[in-house]
Every structure is written in C-alpha cells, then in structure tokens.
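Those protein sequence lines, which keep their order, are chains P and A.
Heads up: the first sequence begins at 1 in my numbering, then just goes up one per residue.
Heads up: the second sequence begins at 1 in my numbering, then just goes up one per residue.
If you are wondering where the hints come from, they were derived from the structure by calculation, not from laboratory data.
Owing to the predicted nature of the structure, the values given are computational and were not obtained by experimental measurement.
Using N, Cα and C, we set each Cβ at its ideal position, and we do this for glycine too.
Take these hints with a grain of salt, some might be off.
[To be verified] Using 16 Å as the maximum straight-line C-alpha spacing, the simulated EDC-like pairs for lysine to aspartate or glutamate come out as follows: (1) Lys-64(P) x Asp-22(A); (2) Lys-114(A) x Asp-135(A); (3) Lys-64(P) x Glu-13(A).
[Said to hold, decoys possible] Computed beta-carbon distance windows for the label pairs: (4) Ile-23(P) x Ala-9(A): 22 to 32 Å; (5) Lys-94(A) x Ile-12(P): 31 to 41 Å; (6) Val-50(P) x Val-169(A): 42 to 52 Å; (7) Leu-33(P) x Pro-137(A): 19 to 29 Å; (8) Trp-67(P) x Gln-18(A): 13 to 23 Å.
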Amino acid sequence: MSHTVVSLKTYIATFVSLMVLLIITVVVAYVDLGELNLAAAMAIAVLKAVLIILFFMHIRYGRKLTWVFAGAGFFWLAIMLIFVMCDYATRH
Amino acid sequence: MPEPDAAHAHQFESFEQQRDADTTGMWTFLATEVLFFGGLIVCYTFGRFSFPAAFEAASHHLYVGYGGPNTAILLCSSFTMALAVRSAQLGRRKALVGFLIATVLFGIGFLVVKGFEYHTDYVERLVPKWHFHWDGPDAGHAELFFWLYFVLTGLHAVHVTIGVVLLSVVACLGWKGKITAENHMTAEISGLYWHFVDIVWVFLFPLLYLIGHR
C-alpha cells in the first residue's frame, strides 16, 4: 500500500545508517585494499541506495507491481554493466 | 458538493487506485532516469578499467572536502524530504511546508558548494578542452576523466536544480492547503524524484572522489 505511514523511528534509523555508511566509505577509501577498494566502495553505495529505496521511497511498503517497475530499470542497468565487465574480466 | 480538489480524478475509481497509478508512473520515469545516468556510468566503467592509473591520478585532484560534506547535505535533504511526505500523509500542513523548505535549502546549499568546487576546478585548470593543464603522464586519459566528471556532476546538478524548483512549487501548494492527507501524491512523487537524485550522488561520490585516495 502506498498509503502506509512509516514511523518516525524508522526514518531516523535509516538516516543515521546512511550517515554512518558515508563515514565508513570515506575511511575505507584511505586504506589500501588494492582492487578491493572499488568493490568496498560500490558495496557500500549499493547498500545506501537500497536503504533509500526501501524506506525513504517506500518500496518496502509498496505493491508487487511497484517492485517490478522499480526493479526493471536497475535490472537493465545491471545487464549493461555486467556485459561490459565480462569483457574486461576475460581479457588477457 | 465536494470541492474539486477533494475529489480523485474522474478516470479513477478511488484515491487508492489513483495513488497506485501515480506511483507506477513515477517509477516508470525513474527507470528511464536510471538508464540515462547508467549509460554514462558505463562510459566511466570503460575508462576506469582501460586506464586505471590515469583515472586514479585524476580522481586524486578532486577534493573529498567538497564531495563528502555535499553527500552529507544530500542525505540530510532526503531525510527532511521523507519527513515532509510523512507530514503530508498525516495532514500536518505547517510541518509539510517547513520540511519542504528545509529540503529546498539543503538543495541550494549543495549547489552553492558545487559552485565553489567548480571554481576551484577552474582555477586548478582541470576543465577539459577550455584550458586543461596536466603535469603527470597520460594527460589525454586524465582529461577523459574530467569530461566524465563534469558531464556526470553537471547533469546531476541540473537534476538538483529542477528538484529545488519542483519542491518550491510543492511547498506553495502545501501552504495553500492543496495537499491533504487523502490526496498527498504531489508530495509523494516529488519525494521519489528527490530521493532518486540523492541515489545518483551516492554512486557518483565514491566513483569520482574516492578511487584515487588510497
């Protein structure tokens, strides 16, 4: 249901988590993890995006149809990125 | 007779159905936006993996001192936006307008910081084509990074500007009492747009600012 009123507590918890993740991503960037730096930064970015989509954008409380419409864009983007990455991963 | 504003549009059977249609329509638009920015992210991926050294060196010239606080500003704006939508759902008119104004101010704050940052980039001769100057090796690919930086952040800034105008209009509508608990979708879908713009930045920040700092 798009009319669910989310509790103040949930919004505050989401916001605090986002700010903590922002600090973590900056700190991790200054530690040399080799190729893992990019992976860690992207994992944190995806986590932040998921938190925003689920709670701020109310997808968590949405109908299945909204899940499909919201997922479609990211699904095609994933195909586009994965195909490009496959090329780089298999190059010698 | 109910007032025109209090009724759902005539093609819908109920507010419920109208809200579902609004949400689905907005997400369809956002899917096109995902692919709009996504195409540029793929260009970035190409550059990042083809010329990793040049991209990391170029990224090192961007200031986390600008990008980091700006990320925090946008996250705060998303928080106040979420609270604005919640106020609309609960029919709290003054809280709705107050949180929308806070969101707009955060948005303007983001653009002001971005403006100062662009000025710094200009002074440091990082603007491609115009008077780009690069001391290190592989100047061409470093310039490519800055093309992507300016196109991605510029396009994002345009979206923030549109959002600031949009939310100002929504704040006026809210002040006039046009947004009610039952008919709050103007606030809801404007919020979806604003959160999406925030998500774009959540990805741009590490991709552009953080890859060169280890």
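Do the hints match the structure? See the list:
1. Lys-64(P) x Asp-22(A): 15 Å, holds
2. Lys-114(A) x Asp-135(A): 25 Å, violated
3. Lys-64(P) x Glu-13(A): 20 Å, violated
4. Ile-23(P) x Ala-9(A): 22 to 32 Å: With Cβ atoms ~45 Å apart, the hint is violated.
5. Lys-94(A) x Ile-12(P): 31 to 41 Å: Since the Cβ atoms of Lys-94(A) and Ile-12(P) sit about 20 Å apart, the hinted range of 31 to 41 Å is violated.
6. Val-50(P) x Val-169(A): 42 to 52 Å: 30 Å, violated
7. Leu-33(P) x Pro-137(A): 19 to 29 Å: With a Cβ separation near 25 Å, Leu-33(P) and Pro-137(A) satisfy 19 to 29 Å, so the hint holds.
8. Trp-67(P) x Gln-18(A): 13 to 23 Å: For Trp-67(P) and Gln-18(A) the Cβ distance comes to about 20 Å; the hint holds.
The structure fails to meet hints 2, 3, 4, 5 and 6 from the earlier list, while all remaining hints are met.
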